[in-house]
Amino acid sequence: MIMTVSRKTLKSFPTHIVVFLAPAVLIYSVFMIYPLLDSIRLSFYTADQAGVTTFSGFANYVTIFTDEAWSNSFWNAFKNNMVLFAIHMAVQNPIGLMLAAILSLPRLTGRHTYRTAMFMPTMMSVVIIGFVWQLILNPLWGVAESVMDLVGLADYFEPWLGQEGTALVTISLISVWQFVGIPLMLLYAALLNIPEDLVDAGQIDGANHWRIFWYIKFPMILPAMGVVSILTFVGNFNAFDLIYALKGGLAGPNFSTDIMGSFFYRVFFGFQLQLGNPTMGAAVATLMFLIILVGIMIYLFGVQRRLNRI
Amino acid sequence: MTHWTQNLAKRSGVALAGLMAVAALGIAPAVNAANLTIESWRNDDLEIWMDKLIPAFNKKHPDIKVVFAPLPPADYNSGLNTKLAGKTAGDLITCRPFDASLQLYQKGNLLSLNGLSGLENFSNVAKSAWQTDDGKTTFCLPMASVIHGFMYNKEIFDELGLSIPKTIPEFMAALETIKSKSKYTPLAMGSADQWEAATMGFQNVGPNFWKGEAGRKALIDGSQKYTDAAYVNTFKHLAAWAPYLGKGFKAQKYPDSQNLFTLGRAAIYPAGSWDITTFNTQADFEFGAFPPPVPAGQSECYISDHTDIALGINPASENIDAAKTFLTWMGTAAFAEMYANSLPGFFSLSNHKVTLSDPVAQEFVSWRAKCQSTIRNSYQILSRGEPNLETGLWNVSAQVLNGTMTPEEAAKTSEDGLAKWYKPHM
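These protein sequences, in sequence, are chains A and B. Sequential numbering from 1 applies to the first sequence in our numbering. Sequential numbering from 1001 applies to the second sequence in our numbering.
Since the hints were derived computationally from the structure, they do not count as laboratory data. Please note that the accuracy of each hint is not assured.
Here are a few chain B residues that sit away from chain A, every Cβ distance over 10 Å (derived from the structure) [unchecked claim]:
| # | residue |
| --- | --- |
| 1 | Asp1045 |
| 2 | Lys1059 |
| 3 | Lys1225 |
The calculated label-pair distances, taken between Cβ atoms and stated as ranges, are [what the hints assert, rightly or not]:
| # | chain 1 | residue 1 | chain 2 | residue 2 | range |
| --- | --- | --- | --- | --- | --- |
| 4 | A | Ser29 | B | Ser1078 | 22 to 28 Å |
| 5 | A | Leu275 | B | Leu1263 | 34 to 40 Å |
| 6 | B | Leu1263 | A | Asn193 | 51 to 57 Å |
In this text the structure is predicted, and so the values were computed from the model without any measurement. Note that CB positions come from ideal geometry on N, CA and C, so glycine has one too.
Start from the sequences, fold in the hints, and give me the full structure.
Spelled out as structure tokens, the structure:
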């Protein structure tokens, strides 16, 4: 009798689950959730000259959206960030898909070499990527112009990184070059998971590679495409390093490469003679968090549910 | 008590006595000696401080021990603030110019230096970067300034038979000669980093247009505006440089400009005096310097002699008297001469006559006698609000060079920004 009672209490209180979860919950709370909440709290304060903070409600947010100088910078950064995201979605992910499809073809020689080579830039430091591409595209000593000259295109060379109309697209493409390995790997893994029998059945029915890919393989990797899209979205709206490495904190020319991350950096830490404003910076950080949150919600409720239904 | 514990007690007794003796030895000289630690961002200067400056100080004051403890430049402001908050900051604090240091003073992290002997050796312009807005309190002792001007490749000038341009028309004519008669790039400057356009461009040539201090003060009291002719003309002069910059200057960064000049591929380099050290080691040709050319028909000249670095005292220091002794020594002619010669391109701000050994540094500093000194016009007070004037000037100067903004638009943008928050301009 006593035995069964103690067994029941043991079962009703699963200590081991708490023990196993505790480290992750603790570390995640201390290093992620607490800073996030505290940053949101800080965004409702303003600081005076001596650094004393006072509660001011939504004043920082009102300033960001109603003060023309602030709202112009904010929407400019938001727009540029959307362009960055659009270029990644339109260029990086289709290329990643194409490369993954080619890599997953049966009997492809040198597959491992290609795979490693394509994933290499993703593992390199952004500072190195920025430095290398700046040298390649440098109008004074870069190889880009001489390479273009070899194929008779020298007249089309321009200092792309320095022009207002081309700087953001150039940086986006550099970023695409760097991170194409991520969709490549995720989609490649998804493609390898497709059972052989489905492909065999398609072949027996007389479908060629093209039809097999679009009618059998592609629908089966749609969930992976969703994950890739959401990773791209979060990565792009948190991006900062490449812009800082290539264009500095002022994200020139004329803020044409300013994205949410670089805008936040200038507000929070200050820049040259502009002193940092931690409370306003916290407000910008909270807005970045909200933008990412909304994006993920749209994906979760609008896209993923439909994907699951397939 | 066992034998073992007895032994231990005996031993620790001996050790304790020894410790006390050491402590007594340590304390005895400390009665009249003091330790000073200097916080700084100039980690490049560590050797100069350790091998030259501090030994020289100790010859006169052997009882004060000084340690130079620099942080990497980019970490200095945040590192210093953390140390100050944690009460672990050094006794002497290297001061950035204007608001960063003013904020430290307002928070009680810098001591007022009024009445300090040695401070009388500095002019008001030199002290202005480390004073309260009313000019009544000075909180750092000025150390050095950097001067703007142009450096030129003497070999190219000889080859093309050019002489040093004194006026702007002469300057533009020289650029045109270099462009049409040789394959050299006339001007080594890019707009990609933006600060080059503002600092080596706008603030370099501008003082001749806005008459140095007169114009700078007039902007602060509101009697002049950025839309006035002086400032529009400065931007117009800057815009006229564009055809003479290197190919693809829009993507040319500061190190590119430096390399273009030191490789002998460019004739003229809009410079800051701090470039002297770099060029001395990298350029294998003879180079010289000339001050910013004046507009046609103007006789008086003005130079940007920008206050850059100073030293203040941490009020939490236990050795304030020793710190004051150190600062007083820094106000002497001996220090000025030693410092300026160890770091050619950083010029002493004191009124002492300093003999420099580097010929280009000599040339730079000789302009102080011929021309009137001023500092960058956006640094005092005017870059305190939102939108930030200095950042704005970087942006519009680069755009004027790129041709995406007219000089008039650049002037208007700067003035509009100032009018948003600065009362005298509203």
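Hints, one by one, checked against the model:
no.	hint	verdict
1	Asp1045	22 Å, holds
2	Lys1059	39 Å, holds
3	Lys1225	18 Å, holds
4	A:Ser29 to B:Ser1078: 22 to 28 Å	26 Å, holds
5	A:Leu275 to B:Leu1263: 34 to 40 Å	38 Å, holds
6	B:Leu1263 to A:Asn193: 51 to 57 Å	56 Å, holds
Consistency with the previously given hints is maintained throughout, with no hint failing.
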